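**Q** With chain A fixed as given, assemble chain B onto it according to the hints.
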Amino acid sequence: MPDALTAAPPAIRWRRSRLLLRDAGIGIALLAMVLFFALAAPDFLSGANVGNILTQITINLILATGMTFAILVGGIDLSVGAVMALCAVVAGTVMKGDGLSEPLAVFLGIAASLAVGAVAGALNGFVSSFWSIPSFIVTLGMLNVARGSALEVTGARTIYDFPDSFIAFGTATLFGLPLMFLLALLLLLVGWVVLTRTVFGRMIYAIGNNDEAVRLSGHRPFTTKVAAFTVTGLCVGIAAIVYVTRLSIANPILGVGFELNAIAAVIIGGTSLSGGRGSLVGTLLGAVIIGVLSNGLILMGVTDFIRQIITGLVIIGAVILDSYRARLSRAA
Amino acid sequence: MFRRSFVSALVGAGTLAAIRTPALAADHKPVVGLVMKSLANEFFKDMQEGAVQHAKERGDFTLIPVGIQSETDIDGQIAAVENLVTRHVDAIVIAPADSRALLPPIARAIKSGIKVINIDVAFDPASMKKRGVDIAFVGPDNRDGARLSADVLAAKLGRGGKVVILEGNPGAENGVQRRLGFMDSINANGLKLLDSRTAHWETEEANSVFANMLTAHPDIQGVMAANDSMALGVVKAIDASGRSGKIQVVSFDNIPAIRPLLENGKVLATVDQFGAQLAAMGVDNALKEVQGQTLTGWIKTPVKLIKGRDAG
Numbered sequence: 223m224p225d226a227l228t229a230a231p232p233a234i235r236w237r238r239s240r241l242l243l244r245d246a247g248i249g250i251a252l253l254a255m256v257l258f259f260a261l262a263a264p265d266f267l268s269g270a271n272v273g274n275i276l277t278q279i280t281i282n283l284i285l286a287t288g289m290t291f292a293i294l295v296g297g298i299d300l301s302v303g304a305v306m307a308l309c310a311v312v313a314g315t316v317m318k319g320d321g322l323s324e325p326l327a328v329f330l331g332i333a334a335s336l337a338v339g340a341v342a343g344a345l346n347g348f349v350s351s352f353w354s355i356p357s358f359i360v361t362l363g364m365l366n367v368a369r370g371s372a373l374e375v376t377g378a379r380t381i382y383d384f385p386d387s388f389i390a391f392g393t394a395t396l397f398g399l400p401l402m403f404l405l406a407l408l409l410l411l412v413g414w415v416v417l418t419r420t421v422f423g424r425m426i427y428a429i430g431n432n433d434e435a436v437r438l439s440g441h442r443p444f445t446t447k448v449a450a451f452t453v454t455g456l457c458v459g460i461a462a463i464v465y466v467t468r469l470s471i472a473n474p475i476l477g478v479g480f481e482l483n484a485i486a487a488v489i490i491g492g493t494s495l496s497g498g499r500g501s502l503v504g505t506l507l508g509a510v511i512i513g514v515l516s517n518g519l520i521l522m523g524v525t526d527f528i529r530q531i532i533t534g535l536v537i538i539g540a541v542i543l544d545s546y547r548a549r550l551s552r553a554a
Numbered sequence: 110m111f112r113r114s115f116v117s118a119l120v121g122a123g124t125l126a127a128i129r130t131p132a133l134a135a136d137h138k139p140v141v142g143l144v145m146k147s148l149a150n151e152f153f154k155d156m157q158e159g160a161v162q163h164a165k166e167r168g169d170f171t172l173i174p175v176g177i178q179s180e181t182d183i184d185g186q187i188a189a190v191e192n193l194v195t196r197h198v199d200a201i202v203i204a205p206a207d208s209r210a211l212l213p214p215i216a217r218a219i220k221s222g223i224k225v226i227n228i229d230v231a232f233d234p235a236s237m238k239k240r241g242v243d244i245a246f247v248g249p250d251n252r253d254g255a256r257l258s259a260d261v262l263a264a265k266l267g268r269g270g271k272v273v274i275l276e277g278n279p280g281a282e283n284g285v286q287r288r289l290g291f292m293d294s295i296n297a298n299g300l301k302l303l304d305s306r307t308a309h310w311e312t313e314e315a316n317s318v319f320a321n322m323l324t325a326h327p328d329i330q331g332v333m334a335a336n337d338s339m340a341l342g343v344v345k346a347i348d349a350s351g352r353s354g355k356i357q358v359v360s361f362d363n364i365p366a367i368r369p370l371l372e373n374g375k376v377l378a379t380v381d382q383f384g385a386q387l388a389a390m391g392v393d394n395a396l397k398e399v400q401g402q403t404l405t406g407w408i409k410t411p412v413k414l415i416k417g418r419d420a421g
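First to last, the sequence lines map onto chains A and B. Counting in the working numbering, the first sequence runs from 223 upward without gaps. Counting in the working numbering, the second sequence runs from 110 upward without gaps.
Only chain B is shown next, with the shape it has when bound in the complex:
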C-alpha cells in the first residue's frame, strides 16, 4: 500500500500539484476513467462515443476514455488501469478484456478508494470472492437477448423446425451466453439443431462455413447467428444458393448494415443491446457510488428485440 502510493507520488511528482488543486476546490467535478476494449470494433467505438456525448450532456463530471490496441490486449488494459490509479480518478468504469486477469489491478484501485463499475463482460465471481471485492456489473443479458431472437425463428418455423447455429469466438463470454440463449429457445420450442459451428464473428468465414453446412444439411430451415456480421455472410450464402425466402435468419447486435435486410425480409429479427448507451449507464452508476451509494450484483440493462418485415 505504502509502496504503491510512494511510486505514484514519484511518478506524478511533477504534476501532483496540478492534479490535487482542483480536487480540493469546492466546485470539484468527479473524474471518471473509462477503460474500453479495442476501438477497432464498431461496437466499442459507438460505446465510447456514447459516453463522451453523455459526459457533455450531463456536464457534472469529467470523463477520461482510454482504449486498447486489440480485443486481447490484456497488458495494455492493466497499464491503463494503473495509469488511472496514479491520476487519482474518482471512479473507473471498465469493459475488461479478460474477466480474471484484470481483477488484481482493479482490486488495488478499489483499495485505494476508487469506485469501480464493470460493464460489457462480467468479472468472474469466484475470482472476485478470492480478492475480497464485489463489483457491480452493468450490462445486458446476452442469453436472454439471444433467446428472444431465436423465439421469433421458432414461431416462424413451428415445432420440429431444423436449424443451425453460427457461434462467436470460442471462449468469448458473450458468444457463450448467446449460444446458451439460442439453445434455451431450441429446447423450449422443440426445434431440431442440425449443426453448430464458429465463424469467429466474421462475415467471410460465416459465408463459407454456412454454405458448407447447407451442402451437408440441405434441409436447413433456419439460422441463428450470434452476431449481425455473420448474418450478413449467411444471407449472401442463401442468396447464392438460390433459396432466398426459404431459409430464415435471426441474429444479434442491430448494426446499421443489417437494417436493409430486416426491411427486405432476409433477416427475421435481431437484438439491440444499446451498446452506445452501455458505457454511459456504467458511468451513471459509478457516479452514484461516488456520491456514497454501494452497488453490487448485476444491474441489467435493456435488450430490445428488433423485428424485420417478415417476423410474425
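For reference, chain A alone in the conformation it holds in the complex:
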C-alpha cells in the first residue's frame, strides 16, 4: 500500500509539481515582503531583529502546525488559544507543587501540559466524529470549557516565579537562532514526514477530500480524525510550555484569539479551509508572513490601527489567491 502511493503515476507527479509551484508562489510573496521591509526599515535584516521575528512567530508556528492537521482532515479547532491557557496553568500549578525537586517539577509540568493538550484534542476529535457534529461548534464549546477550567484552576490569578532552569529555555539560542524556534521547526519537520510519508498522513488528505469515499473503500475515518485532532492538541500543549518559558508567567486569560492567528497562518499558507489540500511548508511560510508583517510595519512606524487593517487585507488577499490556485489545480 505505501509503495503504491509513493511510486506515483505521472498525473500525481504533475499535481505535486503544481503543489510545489504553489508553495513557491507564497515564498515569492514572502520574499517580496522581506525585500520591501529591508529597504523601508534599515534594521529589519539585522541579526537581532531576525532573532526577534523567529521568537515572535514560534508559538503561532507550533499552533499552526497542529491546526494544519485539523484543517486538512476537514475540520477546524477554535479551542487552541483557550486550551493553551489551560495547559499553561495546569503545568504552572503542577510545577509549583510542594516538595518536588526542580528537575522532577519541570518534567511533571511539561508532561501535564502535553497530556492536557492531547486529551482536549482527542475529545474534540471524538465528539465531532462520533456524533458527526461540525468540529467548528464542538471546539467552540471546548473553548469555553477550557477557558472556564483555566480560570477555575487558578481562581483567575497569574502564576509566576518558575524554576530558572525551566525559564532559561525561553532565551536559549543555538547557532545564533532561538532554541524555541528550532524546536518548532523540528516539530514541523516531523509533521511534514507524517503527512507526506505515512499511511496516516495519506488518510488525512483522503478524508479531507472525500470522507464518504474513504468510508466506502472500507476504511474507518473515525480513528484518523480523532488522531488528527489529538495531534492538534499535543501541539497546543507544546506551545503552552514555550509560552511559559518565554514570558515566565502562566495566567488563565492568555492566548485569547491565538486560534485565529493560527488559522490565518494555515490559510495564507495555501491550505484549503475545506480540507484535503495543503501542506506544512505553506503553514511555515504563512506563519513567517504574519510575523514579518507585524514586525516590519512596527519598524516602519505604521500606527496600530493601520497595521491591523493591513494585516486583514493580507489575509483576504491570500484567500483570493487561493481561490485561483484551487481553479488551477482543478484544471490540471
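By construction, these hints were calculated from the structure, which means they are not laboratory data. One or more of the hints may lead you astray.
What the hints assert, rightly or not - SDA-like mimics (lysine to any residue), calculated; alpha carbons at most 25 Å apart, straight line:
(1) B:413 / B:281
(2) B:271 / A:525
(3) B:271 / A:390
(4) B:301 / A:366
(5) A:318 / B:220
(6) B:220 / B:171
(7) B:154 / A:363
(8) B:271 / A:529
(9) B:271 / A:523
(10) A:318 / B:369
(11) B:154 / A:521
(12) B:271 / A:524
Unchecked claim - What follows is a list of derived Cβ distance ranges for each label pair:
(13) B:399 / A:539: 56 to 64 Å
(14) A:264 / B:238: 32 to 40 Å
(15) A:534 / B:327: 52 to 60 Å
(16) B:373 / A:366: 37 to 45 Å
Quick caveat, the model's predicted, so the values are computed rather than measured. Built from N, CA and C at the ideal position, the CB exists for glycine as well.
**A** Here is chain B on its own, set in the frame of chain A:
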C-alpha cells in the same frame, strides 16, 4: 412605571411575600447589589472578594454580588441590573461595562427608589444629564496615578530622556486616562516620546511589540506600561536584548507578579489603586445614601505610588 412594577410583580409573584416580609421587619438590613465586570479578570475578582469580606466585617447589610461573562458583556450587565430592581434591593453599586449603555436601566432603578453608586469607570456626564440623573462616582484618578508613576521615570532619566508608551485597549476609559497621565509627565518633565502603541493589556503582545519598538528605536531609555501585565512582557524583552538595567520601566496596578521585579530593580515603580477595596468603598457610600445622604460628583479613592528598589 406602572407597567414595570406590574411586570416585576408578575415575575416575583411567588417569592414576593418572602422578599417583602424581612423588609418590613424592624431589624431589616439594607440589601446592596454589587454589579461587577468579568470575574475572569484578577482585578475584579479581588474587588468582589474585598467587598464580600467587607460585608462580613460590617455585618449591617446584605450583599448580592453578580458578575458577567466577559469584559464587554453589556447585555449580561443590563439583565443583572434589571434582576436586582425586581428583587427590590436598597442600593446598587455598579462597575459599568459601558459608560453609556448601562444608563437607561440604572436610571429606571433610581426612579424606582434604589440608590446607585458608580465605581471603576465613570458614567458619561452628558448621558447622565440627558437622563436627568446625577450618580456619584467612587473611583481612583487613573490619570493622576499614571502621572505619579511616570514622574519616577522622569526623575531617573532627567530632561530629554527617550521613552515609549505601551497603551491599554484603545477606547478603554482607564487606558485612555493612564495614557493622558503619562503624557502629562512627559510634557512637564521634558521627556521625548519616541513611540506609543497598544499591546491590549497583554503580556505576550507587549513582549513582541516592545521588542520591535526597541529595534526601531535602539535609543529607548524608558518604558511606561499602562498595566503590570504588559510590564512583565517588556521586562522579558529587555532581558532578551541583553540590556537589563539600561532601560527603565514604570507601570500601573501593583499585581503580585510585579513585586519580585520591583525588588530586583527591573521595574522602577508601579501604582496601587487599591482595587480590592474599591467595591467596598462604593458599598459604604451607597449605605450613606440609603441612610438619607445625597452624594454626587467624583469621590476620589486613594492611589499610591509603589517604588521599587532602584527608584530615586
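**Q** For the pair supplied as a hint, residue 271 of chain B and residue 523 of chain A, confirm whether the alpha-carbon distance does not exceed 25 Å.
**A** 16 Å, holds
**Q** Does the alpha-carbon distance linking residue 318 of chain A and residue 220 of chain B stay inside the 25 Å limit?
**A** Distance of about 52 Å is beyond 25 Å: violated.
**Q** 56 to 64 Å was suggested as the range; check whether the CB atoms of residue 399 of chain B and residue 539 of chain A agree with it.
**A** 60 Å, holds
**Q** Can you tell me whether the CB distance of residue 534 of chain A to residue 327 of chain B sits inside 52 to 60 Å?
**A** About 30 Å separates the Cβ atoms of residue 534 of chain A and residue 327 of chain B, which means 52 to 60 Å is violated.
**Q** Check whether the Cα positions of residue 318 of chain A and residue 369 of chain B lie no farther apart than 25 Å.
**A** Status holds; Cα separation ~16 Å.
**Q** Between the alpha carbons of residue 301 of chain B and residue 366 of chain A, is the straight-line distance 25 Å or under?
**A** 44 Å, violated
**Q** Run the distance test for residue 271 of chain B versus residue 525 of chain A: straight-line Cα separation, threshold 25 Å.
**A** 19 Å, holds
**Q** Is it true that the CA of residue 154 of chain B sits at most 25 Å from the CA of residue 521 of chain A?
**A** Not OK: residue 154 of chain B and residue 521 of chain A at ~38 Å, beyond 25 Å, violated.
**Q** For residue 373 of chain B and residue 366 of chain A, compare the CB-CB distance with the range 37 to 45 Å and indicate the outcome.
**A** 38 Å, holds
**Q** Can you confirm whether the C-alpha distance between residue 220 of chain B and residue 171 of chain B stays at or below 25 Å?
**A** The hint holds at about 22 Å.
**Q** Would the hint linking residue 413 of chain B and residue 281 of chain B be met if the CA-CA limit is 25 Å?
**A** Judged against 25 Å, a Cα distance of about 22 Å means the pair holds.
**Q** Take the C-alpha atoms of residue 271 of chain B and residue 390 of chain A, compute the straight-line distance between them, and say whether it is at most 25 Å.
**A** Violated. Residue 271 of chain B to residue 390 of chain A sits at ~30 Å, over the 25 Å cutoff.
In summary, the numbered hints that this structure violates are 3, 4, 5, 11, 14, 15.
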